[in-house]
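Trainee: Residue-level listing of the chains:
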Amino acid sequence: MQNPYIPYPVVVDKIITEVDTKDIKTFRFKFVNPEDEKKYAYIPGQFGELSIFGKGECPIGIASSPTQKGYVEFTVQKAGVVTTALHEMEEGTIMGIRGPLGNSWPLDYLAGKNIVVVGGGFAFTTLRSLINYMLHEDNRKRFGNITVIYGARNPGLLLYKDELAEWGKRTDLNLNVTVDKGDATWKGKEGFVPAVCKEVAPSKENAVAVICGPPVMIRFTLPVFFELGFSKENIITSLEMRMKCGIGKCGRCNVGSKYVCKDGPVFSLAELDKLTPEY
Amino acid sequence: MTEDFMVWAPVKKEDNVFIAPLGNKNEPFFSYLNSKNAPKNVFFPHTETMMKYTRTEKGMAFSSEVKKADKSILFGVRPCDAHSFVLLDKLFDQEKYKDEYYIAKRQNTTVITLACVTPPYTSCFCTSVDGQPVSSDGADILLTDIGGDYLVEFITPKGEALAKYFGEAKADASAEARKNEIAAKAKEAIKSKIPAHEVKPILDVNFDNPFWDTIHRKCLACGTCTYLCPTCHCFDISDEVKGSDGVRIRSWDSCMFPLFTKETSGHNPRPSQKERWRQRTMHKFKYYVDMFNAISCVGCGRCVMYCPVNIDIRKIVEDISKLESGS
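In order, the protein sequence lines correspond to chains H and A.
Take the first sequence: its position 200, counted from the start at 1, is 200 in our numbering, and no numbers get skipped.
Every number in our numbering is 1000 more than the matching position in the second sequence, counting from 1.
Just chain A, same shape as in the assembly (with noise of 0.2 Å):
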């Protein structure tokens, strides 16, 4: 495989484990429960050149840079993380404003989905986000440990298309079934759940409510949640000139960071960390809602387990699912 596509897939480094290229000394590891990093990556990277420049006698001269993106596989994500690209999806390919960077990459790259069947971290909640741990949401091709073999189903052309590299064996109907037994074990394996879906109509009503100064305060302003987040996907733009040459770049952002919303005059809309963490709530769990009629998030479980002062997002959903709803 490794020599048709470049391929993407859980690599450990030290003591942790990255979606990350395979070759150059990155060998694949598959004894893991998820990533650190969500592999949002691979569609769209920490940093990207967007255009590329030069300084010429009268200004500047300017090119697209919308690279040819590999035919890539990106192999091994989990299933929550393979419902996070139809929630990018949503806002990157849009009918007005694609987003070509993103979309090259995404329509290159064919993701290979490992269902989750071994008993998950305490902090993963994706059946409250609607997610399963063994689906195929997302994925072209999903593989599921049926104990010794793996069944391989082929979700869309996509996937069909890399059938050659799974060998001849058919499944038998007794796969399908060890399957759903399997499938179905794995999500009574999802203790942690959350009220995420009854939020929405509480968030409608309550911006305002003294509830917002509970959660913030501890909040160090790292950042670590968001980048680590599968759906953030909010970024920056600058400009980095060497000599007579300049790229314009983008690199991820956060919400949590003060200057994210500073204006020139040094007016901020969200002026400390209260309306920052209000403004990552509510973009999860209603105004994702509002605009694609999605829950932004994931249930991975990433920015509970590594947020260096717990802040925990279950257990906001939970207390706010204790607010009036105001109908």
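Isolated chain H (complex conformation) (with noise of 0.2 Å):
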């Protein structure tokens, strides 16, 4: 059995700079054994520890979709001491990912009604794990109407921009960006999330949404979604801790009774409820 602290070699395959501020890049790795790309079996939600030499690790979510095959992505803004080292890296290094840590977004229960996918500023990577997932040929009809509402601050802030040029093409796929304040060439949507999502107004009907974003947003999107009736159990989210091991061991990022890496970071409304707010 693989020892569960010990990351997986892979090489920094390509790297991608989203955002204009260039602290956001997304890393795609390729596995240095091409055999660990099996075992790294993952499910849109769940998370990996990426591992550089001499600074240690820090957990990111899974930023592509298990239907792009040969390569897993991560979404990383630079903010401590991996993240930075990681930002400094060229393409070709090996470093180490672990992993895949914790549950997942529910998909056998997503499967069959109508998804309300919202995102705010840089939350958005697990959801573009989820959206393309779901968008993928093979997904697609095991999945009612398809919602996305996605802000950031500025155009500039956006990520996947290419892919969400195509998206916006789909007819399969109710797309609204939107940027807090635009500039000169924005022809989308201005306004935060909250008053899109009013305006978008999704119905509750057989519908779950699925909702990331900074505290913040969160607050005041939640507000949103009751009132157009979502149950606390229809309402996805993911939480944030500290972590270490990523495995339920280290103790640092409990809630309550429940591990975020472990027993998370995926949880309903109505899970949270039942847990202490003490994240």
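No wet-lab data here; the hints were simulated from the structure.
Ideal Cβ placement from N, Cα and C applies to all residues, glycine included.
Some clues are possibly wrong.
[Claimed, not checked] In silico contact screen, one side only, chain A against chain H (beta carbon under 7 Å); selected entries:
(1) MET1006
(2) PHE1235
(3) THR1264
Given two chains presented individually in distinct reference frames, assemble the corresponding complex, making use of the accompanying hints.
Mentor: Pasting the structure below:
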């Protein structure tokens, strides 16, 4: 059995600078040992520990979808020791990734339902994994209507711009991209995510909302969905905590009796209500 | 024994007794009530290497570092500490995510428990948390002083395998009777009692109780309680580099430390000592019960004895038991 503390060696295959401020990049990793890719079978919503020589590890959500074969992607903001070192890496470098860790978006529960994906800013990464998974030709018919509401502070801070353009052309996806404030070239929506949610007003019928974003966005978006009649069972989000081991042993990421790394990071609001508000 | 095994046993160093490897001037010392350190470090050392890596032209190459554990004997642990191994097994040896570092050492170690038959510390409260001063819980062999002789009980096959080291003498029925008598007396001698089993339903509904403001104020956040605790298992993982070679190590960490949960953004879900004390208390008497159906305290009393500002977990549990349970 694989020792869960030991990373798989990967090569940094491609680095994509996502935003104008250049502090968010997507890293595409290929496994040094091709057989490791099978062992790293993941589900959207899971995360991995990125592992760098002499710097340590940091937990990051998986941004690619398992339908994308041959590589795995993480979108990372430059913030601490490990992510800063990562941002300074060059393509071709060998490092490590651990995982996949945590539960995932509840795909079986989402199947057969209308899905509303709401993302704000940098938290869009595992939602992108979910969207690409659902839109894949093998999976699209398993899901009902898909509505996406995604916002960033300004156009330059939107992630996955090429993909957003592709999604915009599809007829089987209701895509709503918004920015807090546009610029000279911006032709899309302007406005905060909660306001756009209100405007789009997705129906609660047979629907699940998957919401990820900064706390302030979550705080103002939840009331909109409550007003639309979504139950707490049908609002799903993902938590972040400081983590080390990622497998429920090192003791720092628990919220009540649940370890976010092992029992989460994905929880429904109904589940969160049962936990202590310590996150 | 020391020729065939690595033997850990109580050793006197200055005024303290520690569980330490014998040899190298370390002589066993048996006139002790309990060791200052909890013997968890035999399976879960303060610091241990998890993997090694080397800087290469292209980045890094690494290798796992689960050392083959030496065949070891852990001699003379007290029943409370042996009980802690049963609790730690639940965490480190789960069906999913096995901790090979812990398991390798645990499997290769035979635990020989020395029952507590002399008057205990006043801070001993094992009988309140599923323990007994004479108990084979977590032991492979149990030794009980029945007055001049030791009654040797082989509890597990791992223990039986060491039978040859204990001589030919067979215990008779009277030895068993004497042991039971001594065990009953020893149990009687544990005077400190706490309502540990009563507080779970109270903790379930009192996360926000103002009571939590009353514990932490004098806490220095030194972490002594967690380092001496036989069941505390929190750890940090960090990297150390020398030239082109590096190791990833894990070392004990503590929920009492402010940085334990502090995130890169600056946000800290447990921002003050109040939340940290609530976490420690809840973890032992509620969360572990939720997760593994067991209280994560063995009543050894080390945290009570060595806290520099006399925070007493017994008093905390006592006080919690008086709160409303909401039911």
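Trainee: Now tell me, hint by hint, if it's right for this structure.
Mentor: Hint by hint, here is what the structure shows:
For MET1006(A), the interface hint is violated, the least distance from its beta-carbon to any beta-carbon of chain H being 23 Å, above 7 Å. Because the beta carbon of PHE1235(A) sits about 5 Å from the nearest beta carbon in chain H, less than 7 Å, this interface hint is met. Checking THR1264(A) against chain H: minimum C-beta separation of about 4 Å stays under 7 Å; hint holds.
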